[in-house]
Structures are given as C-alpha cells and as structure tokens.
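Student: Sequence:
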Amino acid sequence: MKNVLIAVVGLSPQVITETLFALHQQQKSVRAIHIITTRQGKEKINAHLLSPTDGKYYQYLKEYGIDPATIDFGFHNIHTIKDTNGMEIDDIEGEEENESLLKTCMELTFSLTRDPDTAVFFSIAGGRKTMSACLTLAAQMYARPQDRLYHVLVSPEFEENRDFYYPPREPRLIELRDKNAQPVFKETKYAHVNLIHVPFVSIRSQLRDDLLDSPKDPGTLMLSLIKEEDRRLTLDLISRKVTYKNLELDLMPARMALYAFFALQKKGCTKKEVETCGTCTECFLNIQEVFNRQKEVTELYRKVRGTRPLDEMSGTGIIHLNAENFNMYKGKIKKDLLGRFGPYVLRELEIASIGTRPDTRYGIRMDKSRIEIVY
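According to my numbering, the stretch in the sequence shown is residues 118 to 492, in order.
Simulated from the structure, these hints should not be mistaken for lab results. Check the hints yourself; a few may be wrong.
Said to hold, decoys possible - Okay, derived cross-link-like pairs now, DSSO-like style, lysine-lysine, Cα gap no bigger than 27 Å in a straight line:
1. 384 to 447
2. 246 to 173
3. 246 to 199
4. 452 to 420
5. 485 to 447
6. 420 to 384
In this text the structure is predicted, and so the values were computed from the model without any measurement.
All chains, full assembly: derive it from the sequences and hints.
Tutor: Pasting the structure below:
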C-alpha cells in the first residue's frame with residue numbers, strides 16, 4: 118500500500134522535513150507529499166526546501182540515502198489556498214480565507230482518499246491553528262481505516278531555530294537561543310523529533326454513496342447523518358403502552374381505551390384518496406357521536422382492562438361516558454402525554470378540541486400514516 122503525506126504548512130517549511138524524518142524513524146515510508154499552504158508559505162517551501170542547489174528536502178534525502186525518485190514531491194504538489202477570485206492568499210486572517218482553506222482541505226482529502234491502495238498520513242504540525250483544525254475536520258469526514266492523523270513534537274529550543282530542518286545523520290553543533298534569548302551552542306544529537314499519533318473518528322463509512330462522488334462541505338456531510346427520530350405513534354393495547362420517539366408511556370386502562378378509540382378513528386379515515394391528513398379534521402367527532410359509539414370504547418376497554426369483570430365497574434366510569442367524565446379522561450390523557458413526551462409534540466398527540474360549543478369536535482391531529490395500533 119502506498120503511503121501519502123498531506124500536511125498544512127505556514128511560514129515554517131521545516132515542519133515538512135521534520136515530519137518526514139519522524140515517519141522514517143518509525144519505518145513509515147512515503148511515496149508522495151502534498152502540502153496545503155498560503156502564497157508566502159509556498160515561496161518559503163520553494164526557496165528553502167525545493168531549491169535544486171541547496172534545498173533542505175533534497176539534502177535530507179541525500180544524507181539519509183533516500184532516492185528522490187521514490188517520493189513524488191515538487192512544485193506541482195503544493196496546493197496554495199485561493200480566494201473566490203482565484204487569487205492566492207497571503208494569510209488566514211478572516212472568515213473568507215478560512216472558508217477557502219477548509220474548501221482546499223476537503224477537496225484534497227477527498228481526492229487522495231479515493232484510491233483504495235493508498236494510506237493517507239495527515240500532518241497537523243504546521244501552520245496556524247485554524248489550518249490544523251481544518252485538515253483534522255477533513256480527515257474526520259473522509260479518512261478511511263488505513264489513514265492516520267499525526268502531530269510532530271520537536272524539542273523547543275530546536276523548533277525555534279530557523280536553521281534546524283531535521284537531525285542530521287552526523288551530529289553537529291548549532292547555535293540556539295536559551296529562555297532568555299541568549300545564544301547557546303548545542304549538538305543536534307540532543308534534538309528530539311517525535312511523531313504523535315492522534316486518534317480521531319471518521320464518518321466516511323456512514324456516508325451514502327452519492328455523497329462520495331464529489332467533495333462536499335462538512336455541513337452537508339454531517340446533516341446526512343442526522344436520522345430523524347422514529348416519529349410514529351404506537352399504541353399497544355396488550356401492554357397498555359404508548360410509544361413515541363423511542364419513549365414509552367404506561368396508560369391506565371380506561372385512558373388507554375379512550376385514546377385508542379380516537380387513534381382508531383384517525384386510522385379509519387374514509388378518504389382513501391388522501392395520503393396525508395394535513396389540516397383535515399373530517400374524522401373528528403362531536404361528543405354525542407362519541408357517546409353513540411360507547412360499545413366500541415367499552416370493547417377496547419375490555420381488551421386492556423385486565424381480569425376485573427365489567428359489571429363491577431362504576432356506573433360513571435369509562436363504560437358509561439358522559440360529558441363530565443369524558444372531559445376528565447381527556448384531561449388526564451393530556452397530562453400523561455405532556456409529562457412523558459413534552460410540550461412541543463403535545464399538539465399532535467393529544468385528543469384535541471376544535472370549534473366552539475355546542476359544535477366542538479374531538480380527535481387526534483397526528484397524520485394517520487404515523488399511527489400504529491397493536492392488539
């Protein structure tokens with residue numbers, strides 16, 4: 118498998134050779150290097166790393182016996198961040214530049230992770246913090262199991278030295294600055310360049326195929342993962358449970374019977390040509406129509422009541438509905454629904470009242486397609 122390095126770089130091109138050195142120290146070869154940077158960063162890379170005469174990149178390869186032909190890295194592998202007009206930007210100073218940076222990170226990451234025979238190494242050691250943040254985000258969107266995210270830590274006194282690019286094979290004495298900015302001399306054998314593996318979570322495996330045919334912005338990718346909660350209303354008459362959005366509510370038998378009556382009324386809509394209920398309330402009943410169907414309510418109660426004989430029930434209970442106890446049951450059902458499912462969904466779950474007396478009608482607003490009743 119071919120390893121490809123992608124790194125963000127600011128005004129310190131040293132981070133490229135330091136990262137390459139750290140990878141090689143862990144026996145991780147690299148077949149290609151891609152850099153995301155600004156115009157100024159590109160100029161520094163060209164001048165200090167890729168100069169054919171004294172470029173530090175070529176010096177490193179020669180010193181450690183690595184054939185330059187084995188690594189695809191040159192001017193064509195430097196991806197400069199551009200503004201909306203296609204002009205290379207000098208620095209990440211505002212929202213627009215940051216958006217261009219993120220777009221570049223997403224597009225390059227998408228491109229490099231399309232080849233199943235490659236493993237991409239993401240280096241977040243260079244550039245502004247927003248650069249490493251954007252590359253990390255791109256990795257979280259598109260990285261595969263074989264891809265890795267790395268940071269590189271260099272001994273502070275060497276990291277701050279503009280002339281230090283990597284620990285040379287043969288240690289040498291170089292001038293550094295101490296904590297008081299005074300010059301000191303130290304051998305490069307004391308320089309530590311450590312490769313730090315940074316764990317991260319990628320969402321690529323959860324993305325739909327159509328989202329992987331071209332680069333997308335992180336917002337689009339993340340929104341595709343937000344699965345709408347199960348918004349079906351289920352009434353289980355056997356267990357006396359009402360389920361909505363994966364939450365369960367136990368209803369008293371009498372309340373379950375009346376609630377199930379109105380749910381069945383909704384499901385029994387005679388307008389077969391209408392797929393969704395919308396604002397239609399033709400299935401709503403006035404109170405006399407409810408009383409006229411007392412037998413249906415009683416039969417539902419028989420299914421959920423348990424073992425107690427019906428003739429032992431109160432003459433003013435659910436098997437003998439009147440205006441007073443009907444409103445009492447309706448109010449208690451509303452209170453139960455509110456307490457379990459909250460106020461924001463109560464409007465479509467409750468036994469609602471529409472119209473004014475004496476023409477008040479009652480029913481459930483929820484769409485019939487989202488109601489299920491289990492006997």
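Student: The structure should be examined with respect to each hint, and the outcome stated for every one.
Tutor: A quick look at each hint next to the structure:
1. 384 to 447: 19 Å, holds
2. 246 to 173: Holds - the C-alpha atoms of residue 173 and residue 246 are around 25 Å apart, at most 27 Å.
3. 246 to 199: Holds: residue 246 and residue 199 sit about 18 Å apart, inside 27 Å.
4. 452 to 420: Satisfied, since the Cα-Cα distance of roughly 23 Å is no more than 27 Å.
5. 485 to 447: 20 Å, holds
6. 420 to 384: 18 Å, holds
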